[in-house]
Amino acid sequence: MNPNYKLGRELQSLIVRAEQALSRSLPPAEQSPAELHRAMRYAVLGGGKRLRPLLVYASAHALGEDGPQLDAAACAVELIHAYSLVHDDLPAMDDDALRRGRPTCHVVFGEAMAILAGDALQALAFELLADDTTHRIDANTGMAMLRVLGRACGAEGMAGGQALDLAAVGQPLTLTELEHMHACKTGALIRASVQLGALMAGADAGSLDALDRYAHAVGLAFQVRDDILDVEGESAVIGKTAGKDAAADKPTFPSIIGLDASRARLAELTESALAAIAVFGERASLLAELARYTAYRVH
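Residue numbers (this note's numbering): 1 to 299.
If you're looking for bench data, these hints aren't it; they were derived computationally from the structure.
Ideal Cβ positions, reconstructed from N, Cα and C, are used throughout, including at glycine.
There's no promise every hint is true.
Stated by the list, open to error - Simulated restraints on C-beta separations:
#: 1; residue 1: Gly64; residue 2: Ala29; range: 33 to 41 angstroms
#: 2; residue 1: Pro68; residue 2: Ala144; range: 15 to 23 angstroms
#: 3; residue 1: Val107; residue 2: Gly8; range: 29 to 37 angstroms
#: 4; residue 1: Ala155; residue 2: Asp95; range: 18 to 26 angstroms
#: 5; residue 1: Ala123; residue 2: Leu166; range: 21 to 29 angstroms
#: 6; residue 1: Ala34; residue 2: Ala92; range: 21 to 29 angstroms
#: 7; residue 1: Ala34; residue 2: Ile257; range: 47 to 55 angstroms
#: 8; residue 1: Gly47; residue 2: Pro27; range: 16 to 24 angstroms
#: 9; residue 1: Ala168; residue 2: Arg102; range: 27 to 35 angstroms
#: 10; residue 1: Tyr296; residue 2: Asp138; range: 37 to 45 angstroms
#: 11; residue 1: Glu10; residue 2: Leu45; range: 21 to 29 angstroms
#: 12; residue 1: Ala123; residue 2: Pro103; range: 21 to 29 angstroms
Construct the complete structure from the given sequences, taking the supplied hints into account.
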């Protein structure tokens with residue numbers, strides 16, 4: 001693996017696009033209730049890889065679409081992701097004081113305000129997705145997109161995966177059980193990001209299937225890489241507390257199958273992701289770049 005792997009110019013420009021759209025979508029910091037709005041902006045605008053918005057843009061790009069209507073979906077998935085991190089860091093959950101290289105939301109604003117900020121970010125995500133200001137999404141597609149996002153962050157997706165994660169502390173899991181847990185906790189929103197971009201681009205059933213196979217592989221690869229970084233990474237580089245999973249006795253890929261097998265599984269998943277999008281040819285170049293970045297990233 002290349003430890004210095006960085007995103008290319010086109011994806012970097014899409015990060016800027018996502019950042020600007022996110023800033024516009026959030027309430028002004030000085031608007032009442034100001035403390036809540038400051039907490040929301042702190043949680044969302046404090047850095048991050050912006051992988052999920054990039055997947056929205058890249059999946060649509062593979063189908064020839066890059067219009068302004070993509071910004072709503074890109075923001076929606078990132079707001080859901082940000083809310084999940086705020087809640088995940090709470091003392092009742094993973095109890096972490098560091099996120100993206102700075103104090104977590106509840107450390108800065110208190111637990112109650114952090115909970116409210118997460119709640120408000122989740123609500124705002126659906127509001128953005130439902131409010132198509134570009135008038136380029138038909139009603140059936142809009143409803144399908146709302147279902148995709150709701151399923152991804154509910155009991156069948158992210159929330160359910162987090163519940164499985166909490167129940168798994170100190171418990172032996174098989175590789176199949178671990179992958180199912182992370183397919184829900186991390187992978188569901190990654191799959192939703194790809195699906196939203198594809199739906200906005202008018203994907204047919206065959207394209208949706210290929211993109212979903214890609215997203216499933218990337219979602220698992222993301223978590224395998226996270227688990228490896230938890231063992232090998234440094235807090236100052238990865239932006240969160242290194243070694244936290246081992247200290248909390250949480251099942252991880254390295255703890256179940258070892259580091260070497262984890263690296264092999266990561267390579268296998270990356271190849272599966274690339275194979276799934278081969279049908280799109282050069283149009284899938286951004287998706288391919290994101291698959292490699294997921295595997296090679298250092299934070």
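Results for each hint:
As the Cβ distance of Gly64 to Ala29 is approximately 38 angstroms, the hint placing it in 33 to 41 angstroms holds. Under the hint 15 to 23 angstroms, the C-beta atoms of Pro68 and Ala144, about 20 angstroms apart, fit the expected range. Here the CB-CB span from Val107 to Gly8 is close to 35 angstroms, well matched to the stated 29 to 37 angstroms. For the pair Ala155 and Asp95, the beta carbons lie near 23 angstroms from each other, so the given range of 18 to 26 angstroms is met.
Remark: the range hint 21 to 29 angstroms for Ala123 to Leu166 is upheld by a beta-carbon distance near 24 angstroms. The hinted window of 21 to 29 angstroms between Ala34 and Ala92 holds, with their beta carbons roughly 26 angstroms apart. Between Ala34 and Ile257, the C-beta spacing of about 48 angstroms keeps the proposed range 47 to 55 angstroms intact. For Gly47 paired with Pro27, a C-beta distance near 20 angstroms keeps the hint of 16 to 24 angstroms intact.
In this structure, Ala168 and Arg102 meet the distance hint of 27 to 35 angstroms, their C-beta atoms being roughly 28 angstroms apart. Distance hint check for Tyr296 and Asp138: the Cβ-Cβ separation is about 38 angstroms, which falls inside the suggested range of 37 to 45 angstroms. For Glu10 and Leu45, the hinted distance range of 21 to 29 angstroms is satisfied, since their beta carbons lie about 22 angstroms from each other. For Ala123 and Pro103, the hinted distance range of 21 to 29 angstroms is satisfied, since their beta carbons lie about 24 angstroms from each other.
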